Amino acid sequence: MNTAAGRPVYLDYAASAPLEPRVAELMCACLRDPALQANPSAVHRPGRAAAAVVAQARARVAALIGAGPEAIVFTSGATESVNLAVLGTVRAAPAGRGHVVTARTEHRAGLEACRELERAGHPVTWLRPDAGGRISAAQVGAALRPDTALVSLMHANNELGVLTDLVAIGRACAERDVPLHVDAAQSAGRVPLDVRESGVALLSFCAHKLGGPKGIGALYLRRRPRPALRPLLFGGGQEGGLRPGTLATPLIAGFGLACEIAVGEIVKEEPRVRALRERLWAGLQPAAPVWRNGAAEPSVPGILNVCFPGIEGESLLFALDGQLAATSGSACSSASGEPSPVLTAIGRSELAAQASLRLSLGRHTTAAEVDAAAALLIAAVQRLRRAAPPGAIERIA
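Heads up: the sequence shown runs through residues 0 to 396, numbered per numbering that gives the first Met the number 0.
Just so you know, these hints were derived from the structure itself, not from any lab. Given the structure is predicted, the values throughout are model-derived calculations rather than measurements. Keep in mind that a hint or two might mislead.
[Said to hold, decoys possible] Pairwise CB distance ranges (calculated):
| no. | residue 1 | residue 2 | range |
| --- | --- | --- | --- |
| 1 | 32 | 240 | 22 to 32 Å |
| 2 | 130 | 33 | 54 to 64 Å |
| 3 | 388 | 321 | 36 to 46 Å |
| 4 | 167 | 51 | 33 to 43 Å |
| 5 | 123 | 231 | 14 to 24 Å |
| 6 | 44 | 270 | 27 to 37 Å |
| 7 | 213 | 33 | 18 to 28 Å |
| 8 | 295 | 378 | 44 to 54 Å |
| 9 | 296 | 348 | 17 to 27 Å |
| 10 | 6 | 93 | 17 to 27 Å |
| 11 | 287 | 103 | 47 to 57 Å |
| 12 | 127 | 296 | 18 to 28 Å |
| 13 | 370 | 313 | 22 to 32 Å |
Positions of the beta carbon are idealized from the N, C-alpha and C atoms, including for glycine.
From just these sequences and the hints, can you work out the full model?
Dropping the structure here:
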């Protein structure tokens with residue numbers, strides 16, 4: 000039961016969204032234009048032409064989050080942006096102010112950056128979410144100390160889709176003069192986001208989650224008051240000295256157009272995708288017992304994390320290979336074979352975590368695909384449960 004083109008039903012938008020055709024066309028035009036092969040930092044005419052393309056894209060990227068173009072630093076992706084924000088802020092902090100507050104449910108980029116700081120002797124407070132996957136402003140406020148250098152949290156959890164209350168947390172941080180870094184890779188372009196209203200000091204996001212190319216991302220850096228930031232890389236003076244290296248004009252142009260498309264379609268797409276997600280959840284009920292991991296709201300519209308007791312998520316994906324594309328846990332960490340730390344942090348057992356799938360929808364997902372995916376999953380779950388040893392479901396429930 001594949002799509003009309005013979006491709007699997009694609010429900011892995013949280014890992015990477017398909018490249019928008021208009022974005023691909025623009026990038027190809029940039030690659031074919033001899034003038035745009037120049038270094039955007041060069042002062043000659045081709046360099047100025049490339050710089051103009053970069054400037055237009057920077058404004059488009061900034062508009063996605065309600066920022067000015069001067070606040071955008073281009074990077075290779077959200078992982079680099081997160082590392083630059085976390086490591087760069089703490090390393091630039093005054094002596095004796097190196098404490099970090101973060102959550103156990105962060106993306107691996109944030110987790111590993113904070114663990115690296117711990118190994119270097121910086122204290123880290125690891126917040127535990129509630130059963131719905133939420134971190135509260137009260138938790139953050141209680142964790143702040145006189146030596147806190149940074150709070151770093153996701154806006155939307157990459158496995159559960161649960162949204163953090165940025166305004167309340169931003170207010171708690173501002174009251175103590177602590178910069179707030181937000182990983183918005185899963186929310187930028189999917190829900191309205193305005194850094195001017197949230198009190199965010201730094202914000203990481205990327206192109207390929209919203210229909211742009213891989214290999215390009217951005218870090219928003221608030222202008223006033225500007226957080227101190229130490230670069231991770233050294234070389235030329237590009238991006239205000241924070242991210243040296245020749246700018247990739249075609250990737251940046253594609254990123255900018257993907258952001259502009261998202262801005263133009265978010266009002267229509269957010270409720271449409273949210274309705275499709277709930278349609279998928281309703282369509283999976285014949286596979287009962289089936290559980291929903293994480294709070295249904297507030298959330299980004301396209302992520303549904305479900306547990307099918309009695310089977311392994313990996314086995315289910317293998318059974319549907321070529322028919323359905325989805326992920327067990329996060330695509331960035333599922334290769335480890337370990338249970339999702341996000342699911343265990345919200346109280347799921349290791350067996351329940353291993354029986355879970357993340358199904359994520361996006362701009363090109365249709366109702367027909369959602370119905371096909373539900374039918375495929377139900378059939379595969381029932382088939383695998385019949386082959387499971389007695390008591391497999393009861394051991395998880």
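Taking the hints in turn, this is what the structure says about them:
{"no.": "1", "hint": "32 / 240: 22 to 32 Å", "result": "29 Å, holds"}
{"no.": "2", "hint": "130 / 33: 54 to 64 Å", "result": "58 Å, holds"}
{"no.": "3", "hint": "388 / 321: 36 to 46 Å", "result": "27 Å, violated"}
{"no.": "4", "hint": "167 / 51: 33 to 43 Å", "result": "40 Å, holds"}
{"no.": "5", "hint": "123 / 231: 14 to 24 Å", "result": "19 Å, holds"}
{"no.": "6", "hint": "44 / 270: 27 to 37 Å", "result": "46 Å, violated"}
{"no.": "7", "hint": "213 / 33: 18 to 28 Å", "result": "25 Å, holds"}
{"no.": "8", "hint": "295 / 378: 44 to 54 Å", "result": "25 Å, violated"}
{"no.": "9", "hint": "296 / 348: 17 to 27 Å", "result": "25 Å, holds"}
{"no.": "10", "hint": "6 / 93: 17 to 27 Å", "result": "54 Å, violated"}
{"no.": "11", "hint": "287 / 103: 47 to 57 Å", "result": "30 Å, violated"}
{"no.": "12", "hint": "127 / 296: 18 to 28 Å", "result": "21 Å, holds"}
{"no.": "13", "hint": "370 / 313: 22 to 32 Å", "result": "24 Å, holds"}
In summary, the numbered hints that this structure violates are 3, 6, 8, 10 and 11.
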